[in-house]
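Colleague: Given chain A's structure and the hints, the job is docking chain B onto it.
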Amino acid sequence: MMQEPDLKMFLFFSELYGRPVVDSEGRTVGKLADLKVLLGELFPRVTTLVVKKRHEKKLAALSWNDVESLNGRLVSLKPGAESRFTPLDVGNEEILLREDLLDKQVVDTLGAKIERVNDIHLLIVNRDLRTVHVDFGVRGILRRLGCLKTVDRFTNWLFAYGLPHKFISWKYIQPLASDPKKNLKLNVTTLKLQELHPSDIADIIEELDKANRSSVFKMLDLETAAETLQEMDPKLHLSLIETTPEEKISDILEEMEPDEATDILADLPEEKKQRLIRTMEKPYRQTVEELLKFEEGTAGSIMTKDFIALHRDTTIAAAIEEFRQTTHPLETVAYLYVTDEEKHLLGVITIRHLLLCDKQEVLGRLMNPHLIKADCDDDLATVAELFAKYKFIELPVVDKENTLQGIITLQDIVKAKPEEL
Amino acid sequence: MKGFDLRRRWKGFVLFIAVAGPGIITSNVDNDAGGIATYSMAGSHFGYQLLWSLIPIMVALVIIQEMSARMGVITGKGLSDLIRERFGVKVTVYVLVGVVLTNFGNVIAEFAGIASSLEIFHLSKYVSVPIGAVLVWLLVVKGTYRSVEKIFLYACLFYVTYIISGFLSRPDWGEIGKSLVRPEFDLSSGRLGMIIGLVGTTIAPWMQFYLQASVVEKNIMTKNYKLSRLDVIAGSIVVTVVAGFIVLTCGATLFKAGILVETAADAALALKPLAGKYCSALFAFGLLNASLFAASILPLSTAFLVCEGMGWETGVNKKFSEAPQFYGLYSFLIFLGAGIILLPNIPLFSVMYISQIINGIVLPAILVFMLLLINNKKLMGEYANKRAYNAISWATVAILCILTIAYVVSLIT
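Sequence lines, in order, name chains A and B.
Just so we're aligned: 89 in our numbering is position 89 of the first sequence, and the numbers increase by one with no gaps anywhere.
Just remember that our numbering sits 421 ahead of the position in the second sequence, which is counted from 1.
Chain A extracted, bound-state conformation (with noise of 0.2 Å):
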């Protein structure tokens, strides 16, 4: 049948698994054991043929070129095939489909889930055999069981109905490491898993083993990794990040904002911690220094330093300009504070005040100077009933000497742990 170009013809992995492989003269050579495959295309390509020789204990390889027709039944190989078997050998950019595949754990970035590989459905086209589908379903099970059409039949006879297919397609699918020692196989043509959700990438490392949660999150760019970080249970932080090279988290924590960064690293060792610390770069390290400086579970531990403060003689004119100049994103805009020389806070003002007063207004006439602020010293439970009594989405943060040292916003305090509240 393969002898007609045209035809397309679908087949499942477990229908092929096992066939008798048979040479052109139609002699019996051994079992096929598995299939490889080079992942790259949209639709991977089967390579090599494994077989399992009779009276050899060790697998051989064959190159799908040998193939000559390839049925339900049987895999007959061209003349002269016997003598080009070679010793099977693994590739970066290859895997084997019952090995690596079959029986493993996958992700599955259309759904963003992490399942379980039942069956394998492949295409002939063009005297090519591709991987096109994984099958997660019931039927994959049945049919590896040797029981589909028999349930069918049942199910058929009996409620008019039949098992529904879980197909998934294979370019939303990322194979993991079946062997904990050996890396992640990349299905390069999609690289889907960066595109998803942050909190849906960390929800499927969270499901993962320890060898995979650590290749997954080696894979992400500096930015997802920063944000899966966050959205992760803090429980899983410090087994991955002792698994990935220092200089690579330093750089990911500095992706994030600096109170992020400090909640995460306050939970780590001692050692750790500081070691991180010194790889970063310098501005972000004195941030983090100066926040890790607080107790945890105070209102210094989560305040950011990403606030605008200006002088009380500061015009409207110059604050627009200034708030025009402030290019790190800040957290919130809600609000700007105003200071004394020394930095004390004396009062707030909104943006609708920019936007509307005169612009030769100074912000000391204009400010609000009836402030609800938290010590550096409070608890978070503290903290968090001021914001509930107040409903304000953020709240200044003063030292002993009314100096202002940064600010918490309502998802920081939203965000912090629910046992130090």
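Keep in mind the hints are simulated off the structure, nothing from the lab.
Do not take every clue at face value.
[What the hints assert, rightly or not] Far from chain B, some chain A residues (derived; all Cβ distances over 10 Å): (1) 67; (2) 81; (3) 102; (4) 103; (5) 117; (6) 141; (7) 158; (8) 167; (9) 169; (10) 211; (11) 260; (12) 377; (13) 398; (14) 410; (15) 411.
[As the list claims (entries may be wrong)] Only pairs whose alpha carbons sit at most 20 Å apart, straight line, appear in this in silico SDA-like list of lysine to any residue: (16) A:52 x A:9; (17) B:739 x A:18; (18) A:58 x B:739; (19) A:113 x B:734; (20) A:104 x B:512; (21) A:373 x A:356; (22) B:798 x A:227; (23) B:511 x A:18.
The C-beta atom is built at its ideal place from N, Cα and C for all residues, glycine as well.
Modeller: Using the frame of chain A, we list chain B on its own:
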């Protein structure tokens, strides 16, 4: 220097408490209704004579549980997960069917325990069992996992009641010491059957799945594995001490008085006139707690291991529609298990007994899979079994196989 040393030791202790749990919890769940029934019978039929057998049982328990914990820490995967990935879907389905049937037998036994413990307080099984089933079901489905685990942890403290009731019964310590130091190896068929019963209840197949899953859930790092091993050893000692005290209590009272116990509830009732009403109440309370504890863990653990092996969604934090197989199997095990106990005139004792037979038959098979997996270098790397360790563990499996076969043969003949 001394202060530093103390602090380091304290830090080690705190870390141990944090990692501790899976081993200790598993071992305590192991002292379930079936276990208590068997231990009581051992004490009432043979006095202190079989106490020695708990020592080799403890050694086997430590070895087997250590392997479960090690596999959990190193691979980060559950046992059914590993069996599926290594041996394929066919083998997995057979193993899972066997394990589900075995565990279902144990679930029924737990509800038998609930029924018989509350009959001591004159509560009919038609009231106690349905309430127990709903309670257990809600505990897991509606409670958050964290609070559920805390309830389980506190529940472990109730096992002290066995030790208290043991002391209240004033045993003869000299005689106990003698039977431990110089045991009589009189292996008549009655004694052999009892020893096999003790092995079967103490080392159950479900424990290996449950322990490994809990270790994975805890996400213990490889470098902290030593603490996890400590936890398993501590748990195995705890389970043996509790089992020993049940045997001892029954030996000190029932055996001396010539009362033969047929069920654990009998044991509690028989203790009433001998050691005062408190001892009986404690025993009943302990049995109820043990049954409830195991009844909430067994169906959950079974649903977990099946869904994990088959690749279905799991987790108590998922909605029913997200994990239908998980909740379906979980609910089915509880309500069918409880329903069977509600059948009029069901012989509770035979039910517990049959569940132990199936336990015994399935156990060696599970152990063989465990040993094949833990010797897989690709999976375990440098943490695969060493040769000496392998010799001991294969020998344990062989002895268990022989005992199991002998057990089955003795039941047939």
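Colleague: State for each hint whether it applies.
Modeller: Here is how each hint holds up against the structure:
no.: 1; hint: 67; verdict: 24 Å, holds
no.: 2; hint: 81; verdict: 28 Å, holds
no.: 3; hint: 102; verdict: 8 Å, violated
no.: 4; hint: 103; verdict: 5 Å, violated
no.: 5; hint: 117; verdict: 8 Å, violated
no.: 6; hint: 141; verdict: 6 Å, violated
no.: 7; hint: 158; verdict: 19 Å, holds
no.: 8; hint: 167; verdict: 14 Å, holds
no.: 9; hint: 169; verdict: 18 Å, holds
no.: 10; hint: 211; verdict: 7 Å, violated
no.: 11; hint: 260; verdict: 22 Å, holds
no.: 12; hint: 377; verdict: 26 Å, holds
no.: 13; hint: 398; verdict: 35 Å, holds
no.: 14; hint: 410; verdict: 25 Å, holds
no.: 15; hint: 411; verdict: 23 Å, holds
no.: 16; hint: A:52 x A:9; verdict: 25 Å, violated
no.: 17; hint: B:739 x A:18; verdict: 38 Å, violated
no.: 18; hint: A:58 x B:739; verdict: 44 Å, violated
no.: 19; hint: A:113 x B:734; verdict: 9 Å, holds
no.: 20; hint: A:104 x B:512; verdict: 15 Å, holds
no.: 21; hint: A:373 x A:356; verdict: 25 Å, violated
no.: 22; hint: B:798 x A:227; verdict: 36 Å, violated
no.: 23; hint: B:511 x A:18; verdict: 14 Å, holds
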